[in-house]
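Please model the entire structure based on the sequences and the hints provided.
Protein chains in written order, with this note's numbering: chain U, 1 to 748; chain Y, 1001 to 1206; chain H, 2001 to 2235; chain G, 3001 to 3449.
A few of these clues could be false.
Only pairs whose alpha carbons sit at most 20 Å apart, straight line, appear in this in silico SDA-like list of lysine to any residue [what the hints assert, rightly or not]:
id: 1; chain 1: H; residue 1: LYS2127; chain 2: U; residue 2: LEU76
id: 2; chain 1: G; residue 1: LYS3198; chain 2: G; residue 2: VAL3168
id: 3; chain 1: U; residue 1: LYS417; chain 2: U; residue 2: ILE141
id: 4; chain 1: H; residue 1: LYS2156; chain 2: Y; residue 2: PHE1152
id: 5; chain 1: Y; residue 1: LYS1151; chain 2: U; residue 2: ILE141
Computed from the model, here is a short list of chain Y residues facing chain H with C-beta under 8 Å [unchecked claim]:
id: 6; residue: PHE1049
id: 7; residue: THR1050
id: 8; residue: PHE1063
id: 9; residue: PHE1064
id: 10; residue: ILE1103
id: 11; residue: PRO1146
id: 12; residue: ALA1148
id: 13; residue: HIS1149
id: 14; residue: ASN1153
id: 15; residue: ALA1155
id: 16; residue: PRO1156
id: 17; residue: GLY1161
id: 18; residue: GLN1194
id: 19; residue: LYS1195
id: 20; residue: SER1198
id: 21; residue: HIS1205
Simulated from the structure, these hints should not be mistaken for lab results. Even glycine gets a Cβ: it sits at the ideal position worked out from N, Cα and C.
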Amino acid sequence: MERRDFLKISAVAGATAALEGCGNPDHQLIRFVPEEDLLPGIATWKPSICTLCPAGCGLLVRVMQGEAEVIRNGQLGLLKMGLAKKLEGNPAHPINQGKLCPRGQAGLQVTYHPDRIKAPLARNGPRGSGQFREVSWDDAIKQLVSQLSDLQTVKPAGGLAIVTSPLRGQKKTIVSAFAAAFKNSMPMEFAFFDDGVLRAANGASFGHSLPPTVDLGQSNYVISFGADFLGTWNSPVAQSLAFGHMRKGRPGVRGKFVQFEPRISQTGASADEWIPVQPGAEGILALGLAHVIIAEKLRSASAAGHAGSLIEGWSQGLPDYAPEKIAAQTGVKSETITRIAREAAAHDPAVALIGDAATAQTNGLFNALAVNALNALLGSVGKPGGVTFSPSSNLKESNLSLQALASQINSGAAGVKVLLLYNANPVFGTPAAWGVRAALDKIPFIASFGSFIDDSSALADLILPDHSSLESWLDDAPVSGSAKTVVSVAPPAMNPLHNTRSMPDVLLGVAHQLGGDLARSLPWKTYDEAIQASFTALYKEKGSETAKDADEFWKTAQDQGGWWSSEEVKAVTAGGSSAASPKTAAPQFDGDPSEYRFHFLPFASQLFYDGSLAHLPWMQEAPDPLSTVMWGTWIEINPRTAEKLGVNQGDLVEVASQHGKLQAPALIAPGIAPDVVAMPVGQGHENFTRYASGRGANPISILSPVSVEGTGSLAWAATRVKLSRAGKGKLILFGGSLSEASPELKHR
Amino acid sequence: MLRSAFRVSHYSRVAIAIGVVVLGLAILERVLPAQGTGSSPSAQSPDVFTTAHRTVSDSVREFFGLREKPVQPIAYTHKVHLGNGMQCTDCHVGVDQGPDARIPSVNFCMTCHQVIATDKPEIKKLAAYRARGEDIPWQRVYGFEPSAHVKFNHAPHIRAGVDCSVCHGDMRQQTVAERKVDHTMGFCLNCHRQKNVSVDCVTCHF
Amino acid sequence: MSHQWGMAIDLDRCTGCEACVVACHAENNISTVGEEQAELRRAKHWIRVERYYEGEFPDVTVKFMPVFCQQCDAAPCEPVCPTFASYHTSEGLNGQVYNRCIGTRYCANACPYVVRYFNFYNPVWDKPLHLQLNPDVSVREVGVMEKCTFCVQRIKAGEIQAEAEKRELKDGAIQPACVQSCPTRAMVFGDLSDPESEVSRLAHSGRSTKLLGELGTRPKVNYLPRDSWHGNEIS
Amino acid sequence: MATKSAEQITIDLLRPLSGISGRWAFAVAILGGVVVAALSAFGYQIYAGLGVSGLRMPVFWGFYITNFVFWIGLSHAGTLISAILRLANATWRRPVTRCAEVITVFALSIGATFPLIHLGRPWLAFFLFPYPSERGIWPNIRSPLLWDFFAINTYLISSVTFLLLPMVPDFALVRDRAEGMKKKIYGVLALGWTGTPKQWHRLETAMHIMAIAVIPVAVSVHSIVSWDFAMAPVPMWHSTIFAPYFVAGAIFSGIAALILAMALLRKFLHLEEYLLPIHFENLGKLLLVMSLLWFYFVFAERLTAWYGNESSEMAVFWTTQHGSYSPLFWTMVCCNFLIPFPILAIKKLRTITGTAIASFTVVIGMWLERFLIIVPSLSHKYLTYSWGTYRPTWVEITITAGTFCAMALLYMIFSKIVPIISIWELKAGQHLKTQAVRLVVRSSEAGAD
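What follows is the structure, encoded as structure tokens:
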């Protein structure tokens, strides 16, 4: 929104308008007959579900009557309709109990975004040119059907790839069933911040391949290894609620919170003790703590059970992990290690959690297993104030990784003829080194269900815009954040603004046109039918005590936003698989330390999460909690390092890895290790609406393609980089100063 | 030279000059979209919403409180409807529950006018709207300028037993609704003072 | 005795997550000014989370502090306004009457907390973003000062509702958007004139402090500073 | 001054009124151009919004208020000085007073426009007038801005009267020597002055009353201007020293402006025989005193702030002392003290050129002073998180330049319409002198007997 331009452009527009002598355009628009019966000025609150991150918080949507410009049977006009005015947490929902994070609240702007795709689009001009023409839904679906029916022939020309965000509930059922009906189909779920490592580790240690639910509220001592659990990790709202309770919710009791990480995160900022640790050394540190606890007989090694047995030398009391031995490697003083270990052991229940960068090192799995073992040793698994696992719902891990697929396509090993994209932006979310972009170019037909033209859907041949989450039926089964079993459901909170259709409905429609096994495997006509079916099943299984029949069960679920078990399910550790744990404790880094002198630490932006929210003006203009940066990105550098490099606040800095380089303004802050530079994920979209396109740089693009040993996940914290000053940059800060003591006073 | 400055012919020239300037300003005023004056050029572009007026003239008009008389698409007569024993709240639903009174939609009218007085020209208009699937583009009669920042709420006034006619005139006497009462701040304050209810600014302005 | 609305913020709970900031934008029709204006430091955040680093690596600590209009009882912003656009309401709020404001910006200079925000231009929403605008809150125009109102629209709605139902207002029945959203329940809103209310309890707890209290502005927002760990220390 | 004949004086001083030189017209054109530019800049600001200025959080007052204080300060040149000189019956004042009083009227009217220019919604400025309305809302009398509003209006009215009164006989003089339209106009302005002793008597008493009345008004005006700042709890603003500090500064800059004006008039209107070195000499001495006084005030203010060592004040203190604003600060000190002091202190240098140079630097210095009072304090308030900075835009700069040109323009036009030196007062001076001579002669004769 360039002011000056406004002045120029619209002065002209104004002139013409005035000369034509026409009045306010609104007056010329016809008014359609209202479709719903609402009282003006009176708000109604409708339950919904937040779909912006995997936490799956419950929403209440404030709906009021308003007048919107809509298109009805090809004509533009004004329609009095219920409009979502505000998103708040659903107080009844066990995950977020009426609270909501900034991202969740900004979800409102997704629905009303000026650059939302308003109708199905077909590519018009060369791929990636961003030229599309509007088509009718019938034509669009016909096109998709014809493409897919080719794949159903006896000898298909190629496979069907479906790349989606991690799905749950009936959406997942529908997508997998749809994929299953094709000969060689490759459904895969992609998210940059995936929890694959945690799932693997928890599966191995405790037999639950799920992210943990941490009962912080009851805990007296919390040790977090790099997990930004108050900001973006896992189920932040649930964890924030619990954190508040841990701090001040229990009269006379205040738990301690220690954070180990190389760069102070928003979560680390709230820690009682923030202790920098060498990147990738978290596991070693955890075992160091375990060593002290065992050595000082504060707990017996056997207490750790299976989780401990996965760690080499556990039964011998981890001789290699004596504090003084690991002090250098971890960068943490041995006495600190000892002290923390003693405090943790002395303050039952104590709990350790790990996430984010700590699990995104080459040794991420080892780190996670080590922390699991520490938890087990502290006896905090499946106990109040410890980690529990909500009973798993339908979660089928997709076997194939996007990296593998891309390389197969590029090498010609796999022939993918049709790609369906839903809620995933692989072009933005994968390192350039994966070659996803090239792979997409090789795919003859790409259909996207996206609501926006983003870096990936810009390459699509067909765009079938999905409803916004407020306009569509939703169901979800959160896997973390509450010890209760939670199955959320929500009818549409408002009527669609544009000519869009819900993705599952489109798939079901296509399935029925294709017929055959596919149609049989998807018996429902619409998504809500599918959801209702799942709730009928749920009623048979669990619901009988809460409702007299399936219909009532279904009704109440819709009214309160889902169904949740009354009792808290304490999932006990089910032995766990004897997956061979990785032997190597030490992390590997891509790049020769002598040349690439700095660890490159991307981190989830509190406002943009993984970048999927960079198109929301509220998120762009809200100051980042720590840097206070608005409308841009930055590279966080330790003051001493900056001094050595001759870099000042706001200078443009070039960051180069072995796989690419980028430029961003420097932010000089004390909370980061001198040998680490950090950069938020989220900005740097080539193509993502007027608010995010071409803004800042994307750290993911320069990451090395190494993956976490023993899993398919990307080791996104394992890249080394070199820095150089590249001139003056632009850094928009909301905060005037770093510290309360005014710098001017130094002169005294 | 100084003397020459006062020759009459000079005056005429001055007069002409002034005339030209005034004219120029007038033209500018028409075409220039005002911004600071409460109106932004962007108001011209249909794809942004702003508090701005569309032209300087708009803002000037509002500044002096000039409002043109609303012209209703259908000559709805309150007189007849109320005469037939209908109540205000029959159509203006919600007035006793919330801030605004509902203006009935074409469907609502047609519930009766399916059968009643279907031959009358105005009712034919009504039916035509319904047939086209359009709602009736009623024009506002009352209502505060946005720049007044008044947040009026009907419900408490109804509950306090203030009769509709106090603020809207006696609709029994009106056919098409007219602005019988001028909703100035003074008008509101008088009543608030008499009934000694709050005259705190934030009671209405927020 | 009329209500005296006040707030208490437990900084030991606050995690600087900014939920309150976005909640406020959503509730109060605060426009986003865009990159160019943000660079000129004209972004409007009625509530902002102030962040202060202390110490140098590796001994770094960070303080978060949500700062917004403190609704002072002795507010410097009120007497200086020549038109009564900024004035003290009967319920102890610092009222801001937009239609009275002529934009002297004197109030903003007088305010020691720098929590008053000025509309340097008319706000602009790219359609259809404007459909989100809250009809219960004014949309301010150019040249007008604006600031946190303690969500007066919610207070009014609450009072009208209670009056309609012929009942007393319950403590916690009214919540400003920021308080409602706060994921750690760090913010508590209520009636300071009611000694039973949660906010009074916190305000009179030993921990309560006032921001720049030494200036004698008598703010109605109470800050409970970050606590330290009292567990049995081990050497 | 070599005693001139009354006729000669009249001719000399009326000369500027007849005829317009090309140079004059050219200058007017240039200045007028800038003024028009400034006006259109203001128009653009109203049209586009205050955003076109460089104001931002937390600096909500910038160039406009700086100019406001500066011009109001300048206005203390005339009325105050001439009033004091009248009461002190300093004979050398006679050629000076009118140039001085004119400065007051113009500077004041220019200064008074700035509160309007700086408003976010200038079209609502009428809210400041106390007028009865159905709303039953009056302006807030607790607000220093309202005090300003009244004080400035009072001052404007009184100083206009103070200027006009002694102009009446001169208008009559012009009337008597003109014919046609010109005669008519000046006839009206002369208010039927015929020069009867009665009229002379009334004029003298009126002038005396005005002279006494206007001094407290002038003092109050600038005290109130200072209270616009001193009343707000802003670091380095909230200080008791401000009122006298501002008044002193005002007179300081006022005298400087007066000297400058006189120097220019002398040069361009060829008044060498009327504006004599002695006048500059005396005013120079006054300026010297004020310069010392100014330095004393600044020193006192800074010392107490520094000694008090109150952290919020220190932030402002250091940012001006050797922070980002220090270049401006030290320039100000040079302009207001280090340069003018020696020039004015050393008798050799206290020449017309000398005093003119000194005055020039002082005018600049005093403008900077006002800027440095306003901006650094606002940009460094209590919460460091809210600290900011300020850069003016072309709009503010144009408008500022415009006001300086407007001043010059008004002055030039005035000097073409009214004798810039009070003719009758000068004659009166002459008269007294000759009388004095006669007395001396008589007494010597008497002594001879």
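Hints, verified against the model:
Under the criterion of a C-alpha separation no larger than 20 Å, the hint pairing LYS2127(H) with LEU76(U) is consistent with the structure, at around 14 Å. Distance hint between LYS3198(G) and VAL3168(G) is fulfilled; the C-alpha atoms sit about 14 Å from each other, no more than 20 Å. For the proposed pair LYS417(U) and ILE141(U), the alpha carbon gap of about 17 Å is at most 20 Å, so the pair holds. For a cut-off of 20 Å, the pair hint linking LYS2156(H) to PHE1152(Y) stands: about 11 Å separates their Cα positions.
At roughly 48 Å between alpha-carbon atoms, LYS1151(Y) and ILE141(U) are farther apart than 20 Å, so this suggested pair is violated. Because the closest C-beta pair between PHE1049(Y) and chain H is about 3 Å apart, less than 8 Å, the hint holds. The interface hint given for THR1050(Y) is met, as the beta carbon of that residue sits about 5 Å from the closest beta carbon of chain H, less than 8 Å. Proximity of PHE1063(Y) to chain H is violated relative to the hint, the smallest CB-CB distance being about 12 Å (cut-off 8 Å).
Proximity of PHE1064(Y) to chain H is violated relative to the hint, the smallest CB-CB distance being about 15 Å (cut-off 8 Å). Interface restraint check: ILE1103(Y) against chain H, minimum CB-CB distance 15 Å, threshold 8 Å, status violated. Because the beta carbon of PRO1146(Y) sits about 7 Å from the nearest beta carbon in chain H, less than 8 Å, this interface hint is met. About 6 Å separates the beta-carbon of ALA1148(Y) from the nearest beta-carbon of chain H, less than 8 Å, and the hint is met.
The interface hint given for HIS1149(Y) is met, as the beta carbon of that residue sits about 4 Å from the closest beta carbon of chain H, less than 8 Å. For ASN1153(Y), the suggested interface contact is upheld, since its CB lies about 7 Å from the closest CB of chain H, less than 8 Å. For ALA1155(Y), the suggested interface contact is upheld, since its CB lies about 7 Å from the closest CB of chain H, less than 8 Å. Look at PRO1156(Y): its Cβ gets to within about 6 Å of chain H, closer than 8 Å, so that hint holds up.
For the restraint placing GLY1161(Y) at the interface with chain H, the shortest Cβ-Cβ distance is roughly 14 Å, beyond the 8 Å limit, so the hint is violated. Given hint, GLN1194(Y) at the interface with chain H, is violated; its Cβ is 19 Å from that chain's nearest Cβ, farther than 8 Å. Interface hint at LYS1195(Y): violated, since its Cβ lies 14 Å from the closest Cβ of chain H, which is beyond the 8 Å cut-off. For SER1198(Y), the interface hint holds, the least distance from its beta-carbon to any beta-carbon of chain H being 7 Å, beneath 8 Å.
Using the Cβ-Cβ criterion of 8 Å, the hint placing HIS1205(Y) at the interface with chain H is satisfied: the shortest such distance is roughly 5 Å.
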